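Colleague: Each chain is listed here by its residues.
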Amino acid sequence: MEGQGEEKRINRRKFFRTGAQAGVLVSLGGITALVARKTGSGEFVWQLDPTKCTQCGRCATSCVKNPSAVKCVHVYAMCGYCDLCGGYFLPETKTLNTGAENQLCPTKAIKRTFIEDPFFQYSIDEELCIGCGKCVKGCDAFGNGSLQLQVRQNICDNCNECSIARVCPSDAYSRVPADKPYLLNGFGKEKLDIT
Amino acid sequence: MKQRLIIIASVILLLTVIGYMVYDLFFTENDRNNNPYDYGLSELRKSDSTLIAYSEVQQFSTGLSDIYGITTDPMDRIYVAGANGLEIYSAEGNLVSKFPVQDTAYCITIAPDGMIVLGMEDHIEIMNPEGMIISRWKPESENSVLTGVAADETNVYVADAGEKIVYRYDLDGNLLNRIGEKDSLAGIPRFVIPSPYFDLGLGRDNELWVVNSGRHLFEAFRPDGSLISTWGKTSMGVEGFCGCCNPSNFAILSDGSFVTSEKGIERVKIYLPSGEFKSLVAAPDQFEEGTRGLDLAVDSKDRILLLDPWRNQVRIFVYIGDEDNE
Numbered sequence: 001m002e003g004q005g006e007e008k009r010i011n012r013r014k015f016f017r018t019g020a021q022a023g024v025l026v027s028l029g030g031i032t033a034l035v036a037r038k039t040g041s042g043e044f045v046w047q048l049d050p051t052k053c054t055q056c057g058r059c060a061t062s063c064v065k066n067p068s069a070v071k072c073v074h075v076y077a078m079c080g081y082c083d084l085c086g087g088y089f090l091p092e093t094k095t096l097n098t099g100a101e102n103q104l105c106p107t108k109a110i111k112r113t114f115i116e117d118p119f120f121q122y123s124i125d126e127e128l129c130i131g132c133g134k135c136v137k138g139c140d141a142f143g144n145g146s147l148q149l150q151v152r153q154n155i156c157d158n159c160n161e162c163s164i165a166r167v168c169p170s171d172a173y174s175r176v177p178a179d180k181p182y183l184l185n186g187f188g189k190e191k192l193d194i195t
Numbered sequence: 001m002k003q004r005l006i007i008i009a010s011v012i013l014l015l016t017v018i019g020y021m022v023y024d025l026f027f028t029e030n031d032r033n034n035n036p037y038d039y040g041l042s043e044l045r046k047s048d049s050t051l052i053a054y055s056e057v058q059q060f061s062t063g064l065s066d067i068y069g070i071t072t073d074p075m076d077r078i079y080v081a082g083a084n085g086l087e088i089y090s091a092e093g094n095l096v097s098k099f100p101v102q103d104t105a106y107c108i109t110i111a112p113d114g115m116i117v118l119g120m121e122d123h124i125e126i127m128n129p130e131g132m133i134i135s136r137w138k139p140e141s142e143n144s145v146l147t148g149v150a151a152d153e154t155n156v157y158v159a160d161a162g163e164k165i166v167y168r169y170d171l172d173g174n175l176l177n178r179i180g181e182k183d184s185l186a187g188i189p190r191f192v193i194p195s196p197y198f199d200l201g202l203g204r205d206n207e208l209w210v211v212n213s214g215r216h217l218f219e220a221f222r223p224d225g226s227l228i229s230t231w232g233k234t235s236m237g238v239e240g241f242c243g244c245c246n247p248s249n250f251a252i253l254s255d256g257s258f259v260t261s262e263k264g265i266e267r268v269k270i271y272l273p274s275g276e277f278k279s280l281v282a283a284p285d286q287f288e289e290g291t292r293g294l295d296l297a298v299d300s301k302d303r304i305l306l307l308d309p310w311r312n313q314v315r316i317f318v319y320i321g322d323e324d325n326e
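These protein sequence lines map, in sequence, to chains A and B.
In case it helps, this note's numbering puts the first sequence at residues 1 to 195.
In case it helps, this note's numbering puts the second sequence at residues 1 to 326.
Bound conformation, chain A alone:
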């Protein structure tokens, strides 16, 4: 009897020890998987394909973030640095200066900087950009298409069901691997350093 009680006590102790070990192992595995998902290729994020985008304006109006997590990104290598920039100026602007009345962007989020005659650099102020795509349309029609809309991953909440993807008429949204989160189009995109 005494021997049986001893054996039972050992088994209980063994059971708790094994259980604790298993618990630690499961926790460690879970943490490892979580870290791997965050840092590795297992995670997917929302992105829009600029070749499918029709600049319908819904990126600006349908995102749960206000202003939208979609921003204009400038692929500088494609830019012609034009004086008369189709993405910056209203179509029938008479004078090419930075007057608010001449600018196409509804929030004046594009900055025009003189480089040398007759070249100008255009940069995006992301805090002002609402992702409406008006400049993208102008650049695509009259320029080289260097202005492109992208979901900025540092702003996006990565919702399970993206509210813009639901209403996008050209089906431009898809989930892409988190380690390659941007889908820019054209040459020079690889030189762009965006996070």
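Hints should not be assumed to be uniformly reliable.
Claimed, not checked - If the Cβ cut is set under 10 Å, some of the chain B residues that face chain A in the computed set are:
1. Asp38
2. Gly40
3. Leu41
4. Val192
5. Ser195
6. Pro196
7. Gly237
8. Gly264
Claimed, not checked - Below, a list of computed lysine-lysine pairs in the BS3-like style, where the Cα atoms sit at most 25 Å apart:
9. B:Lys46 to B:Lys233
10. A:Lys94 to B:Lys278
11. B:Lys233 to A:Lys94
Claimed, not checked - Sample of chain A residues at the chain B side, in silico, Cβ under 10 Å:
12. Pro91
13. Ile115
14. Phe119
15. Gly138
Hints in this document: simulated from the structure, not taken from any laboratory.
Since we're looking at a predicted model, the values are computed, not measured.
For each residue, glycine too, the CB sits at the ideal point set by N, CA and C.
With chain A held as given, fit chain B onto it using these hints.
Modeller: Same frame as chain A, but now just chain B:
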């Protein structure tokens, strides 16, 4: 009595509200279709139909997968250059012959001796009418993007959109001089070419006309590179050239008038030799939105041959008064 009236009024009000909600939900256009940030490109593409002086009389499809250049010879045969091939059609649009080329031909012209001059992806190629290569040479720069060629009895002119310069070669490919380099004393501002559309052609007096598209200007040069004259106007309106960089292509009619094509607002127009707008050949609504690279050629009857890469077609336009002669 009063209570009954209140009940009836309440029911009517309720039905009205329900009716409005049903109408709003199912019978009105969804607001989502209205873009509050619309660019308004469709408004810009509208044009005055009374300005159209040409009629499209024929079009035919090519056998090439991508098409970039068109020209004609003195017999009015039509040459189409593109991806891995060159096709020659009769003036009526029947295929006469076709030659394979090793890569893509982006521009083409016919020299006075009948030789075919091609601007390829990274070199210039001259072939005889039977398709045999006579000579080929590379431009100096690795960044060259050859977009236009013209040739007379002794010179081959090549427009390089990558280097923003025009090369003048002899027929053997020896570089004679560079045209369009910045020279403030000679009044040459340099070419501004933001996109890969940079065309050139020879005028009636063998002067070289080059499109300085970033400045919306036509510039005429002598073979030695000295500037003769310029004309051009920036405007979204029909009288000028729109966008960052236009016209994209041009050809010259027998009276010295210019036929121009534009991208952004797709349109083909005629300008007098003095540079004044004369008429429309084709309005924006005759093209699919986004069409670009509308190369042009003119034959001996002043028919306008338009290469439409979007439709993969050659489209032929004649002056409206000349339709009966077709």
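Colleague: List in ascending order the numbers of the hints, as given earlier, that are violated by the structure.
Modeller: Hint check: 13 fails alone, others pass.
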